[in-house]
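Trainee: These protein sequence lines map, in sequence, to chains A and B.
Note that the first sequence covers residues 4 to 399 in our numbering.
Note that the second sequence covers residues 4 to 388 in our numbering.
To be clear, the hints were calculated from the coordinates, so they are not data collected in a lab.
Being a predicted model, the structure only gives us computed values, none of them experimental.
Even for Gly, the Cβ is constructed at its ideal location relative to N, Cα and C.
Take the hints with a grain of salt, since some may be wrong.
Pair by pair, the computed Cβ-Cβ distance ranges are [unchecked claim]:
#1 A:Glu24 with B:Arg228: 46 to 52 Å
#2 A:Gly139 with B:Asp226: 30 to 36 Å
#3 A:Glu383 with B:Pro306: 53 to 59 Å
Here are some, though not all, of the chain A residues that point toward chain B, as calculated from beta-carbon distances under 7 Å [unchecked claim]:
#4 Arg287
#5 Ala294
#6 Gln297
#7 Val356
With a cut-off of at most 20 Å between alpha-carbon atoms, the simulated DMTMM-like pairs for lysine to aspartate or glutamate come out as follows [said to hold, decoys possible]:
#8 A:Lys337 with B:Asp282
#9 A:Lys305 with B:Glu26
#10 A:Lys305 with B:Glu385
#11 A:Lys53 with A:Asp11
#12 A:Lys305 with B:Asp24
#13 A:Lys186 with A:Asp154
#14 A:Lys337 with A:Glu391
#15 A:Lys305 with B:Asp295
#16 B:Lys261 with B:Asp295
#17 B:Lys261 with A:Glu391
#18 A:Lys34 with A:Glu45
#19 A:Lys53 with A:Glu113
#20 A:Lys34 with A:Glu237
#21 A:Lys34 with A:Asp283
#22 A:Lys305 with B:Glu299
Spelled out, the chains give:
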Amino acid sequence: VILELSNDLVAFRAAVRGWLEQAVPSGWRAKLAGADSDATVEVQRDWIRKLHSVGLAIPHWPSTVGGADLGLAHQIIIAEENARAAAPPLSAYVVSLNHVPATLLGWGTEAQMRRYLPTVAEGAIWCQGFSEPNAGSDLAALRTRAVRDGDHYVVTGQKIWSSQSMHADYCILLTRTSSEGKKQAGITYFVLDMHAPGVEVRPIRQSNGRAEFGELFLQDVRIPVADRVGGENEGWAVAQSTLAAERGVLAFEGAERYRYMLEAFHARAVAEGAAWLRDDAMRREFMVLFAELQATRRMIRKLLREADHNDAHGQRGFSMTPSIVKVVNTMLKKRVGAFMVRCAGAAGQIDLVGDHVPEMNPMLEYITTFGQVIAAGTNEIQRNLIAERGLGLPRS
Amino acid sequence: MTRQPVMALADDQSGSISSTDLEVLRESIADALAANCGRRAVHAHVDGTDNLASRLWQMAAGLGWLAIGLPERFDGLGLAEQGLAVLHRELGSVLAPGPYIATLAAAQWLAECDVSAFAQRQLPRVATGELQIAVPCDPASNRGCWHGGRMVSASGLLMLASSSAELAVVPVTGADGNAGVALIDTRFAEVRLDAQSLWDRTREVARLSCGPIEAELVIADPDGRVSAALTRHLALATANDSLGGARSIAEQTIGYMKDRVQFDRPIGAFQAMKHRAADMMILLEVQDRLLDQAIEAEQRRSPDCDLWAALATAGATDAYNFIADDCVLLHGGIGFTWEYDCHLFLKRARLNAVIGGDNAARVDYAATALEQAVREGRSVLELAA
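Isolated chain A, as found in the complex:
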C-alpha cells in the first residue's frame, strides 16, 4: 500500500511515517542497552523482515531481485523517517544492504543476483572478508590463497575485522589467485557460504567491551566456481565497487539519527539546567559541534545528489567528497562523544552492566567512535586519497 503512493513524495512520506508510528517495536532500545549481540541481531532481523513485509527494506533495488525500482528521493525519505521514528538501526545489515548490492548489481551473474540478493530482505546477514592481519590499509597485500581445483576453488587463509561474521550466513571474500605482476592484479572475489566446512569464526572483543568483529579462519574451504564474482584475478576492480558503497546512504541515515540524539541531549540539558550550559567554554564548544553536525548533514545530502547525478550520466571520475564526508562525519562523532563524556563527569565513568545500562551511554558512544574513524579506510588513508587523487599532489 505504501509503495503504491511512490509517485507522490508527500503522500509517500506521510504513509511511511504513519506505518512507522505503529510498527516500531516499543522499548527496543531500553531492552537492548545491556544485551548481548545475539539479542541485538534478533531485534534487527525481526525489523528488516517487518520492513520488507511492506516493501521498505530494499525498495531502491531492481524489482527483478525483490526491490521496487525506487530512486534516491524515496531512499532519503525512508532513511529520514526511520531516524525520526527511532526505529532499530540495521547495523548488523550494513554489508548486506550496501556492499552486497553495490557489488552484485555491477559484477554478479544473473544467477548470482537472483540467488543471493533476495536473501538480504529475508534476514540473511552478510560479512566482509577483506582485511587480513598483514593487509589492513594496504589491502592489496592480502595473502589468503584460492587454488582452482576442477569446478571449485580451495581457499586457505585468515581474515580479520569482519563485522558480524559470527552471525553471518554469507561472506564477500577477497583472495589471492596469482603472485605475478602487481599485487592488485592477482586478486579474485568470491561469495563464501559461511556454513561451508573449514570456516571457523572467533569473535574479537573490542575496547568498548562488545564483540561485533570476528576473525575468520579458512582451512581448505571449497567454493564453487559459480560463486566467483567477476573473472579470475579481476577482484581488485570488483572490490572498488564494494568499497564505493561505504560512501552513500549509509552515512546519511547515521547522521540523521545523530541529529535527533544531539538535539535531545541539548534539550535535556536546557530542561534540567545542566551546569555545562552555564560554562562559556563548554557551551561554545557545543555550538561548534552543533553547527558542524548541520554542515555534515548538508554535505551528505549534496554527496548523494552528486552521486545520483553521476550515476544517471554514467560519470565515474574521482570525487574527493566521499573521503571528506568520511573524515568529517567520524571525527565529529568522536568529538561529540568526548564532549558528552566530559559533561557526564565522574558518574559517567561508572561502567554499568546488565539491566542498569542507560539508553544514552556517553563512554560507550565515545569508545565506539574509534572503530568508525579506523574502519572503511582509515582517516589517514582518506587524507592520502584527498591529497593525491583529489588535489593532484605527487604520490610518495
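Given chain A's structure and the hints, the job is docking chain B onto it.
Mentor: Showing chain B alone in chain A's frame:
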C-alpha cells in the same frame, strides 16, 4: 567584459535563483576580476603606487555588481543574499580592495528597514556607485549617544569605511537607555571621519566623531532587532569573503607544494604536507555547507537566520585564519615575504574575524538563540526535503 550576464538574471522574479544562473553570475564576476584585479594590481594597490580600489568600484558599478542584492524597487537586480554571496566570495578570492562589505551590507539592511522614503532616495545611488556607506566595525560595542529626536553624537567610533563614505550608520543609546540606529550625513562640517591605516591595506577604517548634530534619520530599536539585522548582513558578507579568500590561498599554496622541490622531490610528496593540504580542503567543505545553511535561512526569512549567520561567520572566519596562517608556514621562508600573497590573505583574515563582533560573541549569541528555540519547542535543524 559585458553587462549582459548579470542583467539577464534580473528577469527571474522567483525567490530562489537556480544554481546554473548563479554559476553564470560567478563566471562573469570571476572573468572581470581576473582581467582587472590580478595579483600585480593588488600588490601595487597595497604598495600605494596605484589606486585599484576606486577603479574597481567604478567597474563594479558599471557591471551592475553593486545592484546585485538590492530589491528591484531600489533599482537593484533582486538577487538578494544568494547573489551577494557569489559576489563577496569572488571579491574575497582575489583580495579585491574596496568598501564592498560595509556598503553592500548596509544597503541590504536599509532596504529591509521600514524607511522607504529615505531608502528610495539613497539606495539607487548605491546601485550606481555614487554612495558609499560606513558601518561600525562592531555594531554592539561601537555606539553613539542619542540626545532625543534626531540629535546624536559620537566619539571616535571605529567605522569600516573610506573617508569618502557619505553616509554613516551609527547605533545610538539615549540617557534613558533607549536604543536606536542613526543615519548620519558625513559631509556636515561637524562630522569628522579620520582615516586610520590598517594592517590589511585592501580595506579602510576611519574614526567617526561628531558633536550633537541632527541625523538624517534615527530608527528606533527597542528590542535590538534592527541592529541585529545589520550585524547579520555584515556577518554574511564577511563569511563569504572569508571562504573565497581561504579557498584561494589554499589552492595557491597547494600549487606551490607541487612546484617547490626539496630533498629531490616536490614538498607535496611528503605525507605530513599532504595531510595538511587535505585538512584545509576538509575544513573548507564543512564551512561551505554551514554557510549554505545561513544563506538558505536568510533567503527563506527563517526565524533562525540570525543564529545560522552567527555560527557560519564564526566558522568561516576561524577557518580563514587557520588556513591563511598555515599557508604562510607551508610556503616556508618565502611565505614570510612582502612580495608573496600569503601575508595579504592573513591580514584580511584577521580583520574579517573582528568585523561585526568577535567570534566568541557570535557563538554566545547563537547559543542563546538555540536555547530560546528549544523553549519554544522548535527545531532549528529541519532541512527542506
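Trainee: Taking the hints in turn, state whether each one holds.
Mentor: Comparing the hints with the structure gives:
no.	hint	verdict
1	A:Glu24 with B:Arg228: 46 to 52 Å	violated (39 Å)
2	A:Gly139 with B:Asp226: 30 to 36 Å	violated (59 Å)
3	A:Glu383 with B:Pro306: 53 to 59 Å	violated (42 Å)
4	Arg287	holds (5 Å)
5	Ala294	holds (4 Å)
6	Gln297	holds (6 Å)
7	Val356	violated (33 Å)
8	A:Lys337 with B:Asp282	holds (17 Å)
9	A:Lys305 with B:Glu26	holds (17 Å)
10	A:Lys305 with B:Glu385	holds (16 Å)
11	A:Lys53 with A:Asp11	violated (23 Å)
12	A:Lys305 with B:Asp24	holds (19 Å)
13	A:Lys186 with A:Asp154	violated (25 Å)
14	A:Lys337 with A:Glu391	violated (26 Å)
15	A:Lys305 with B:Asp295	holds (11 Å)
16	B:Lys261 with B:Asp295	violated (31 Å)
17	B:Lys261 with A:Glu391	holds (11 Å)
18	A:Lys34 with A:Glu45	holds (12 Å)
19	A:Lys53 with A:Glu113	violated (27 Å)
20	A:Lys34 with A:Glu237	violated (45 Å)
21	A:Lys34 with A:Asp283	violated (37 Å)
22	A:Lys305 with B:Glu299	holds (14 Å)
The structure is inconsistent with the numbered hints 1, 2, 3, 7, 11, 13, 14, 16, 19, 20 and 21, although it conforms to all the rest.
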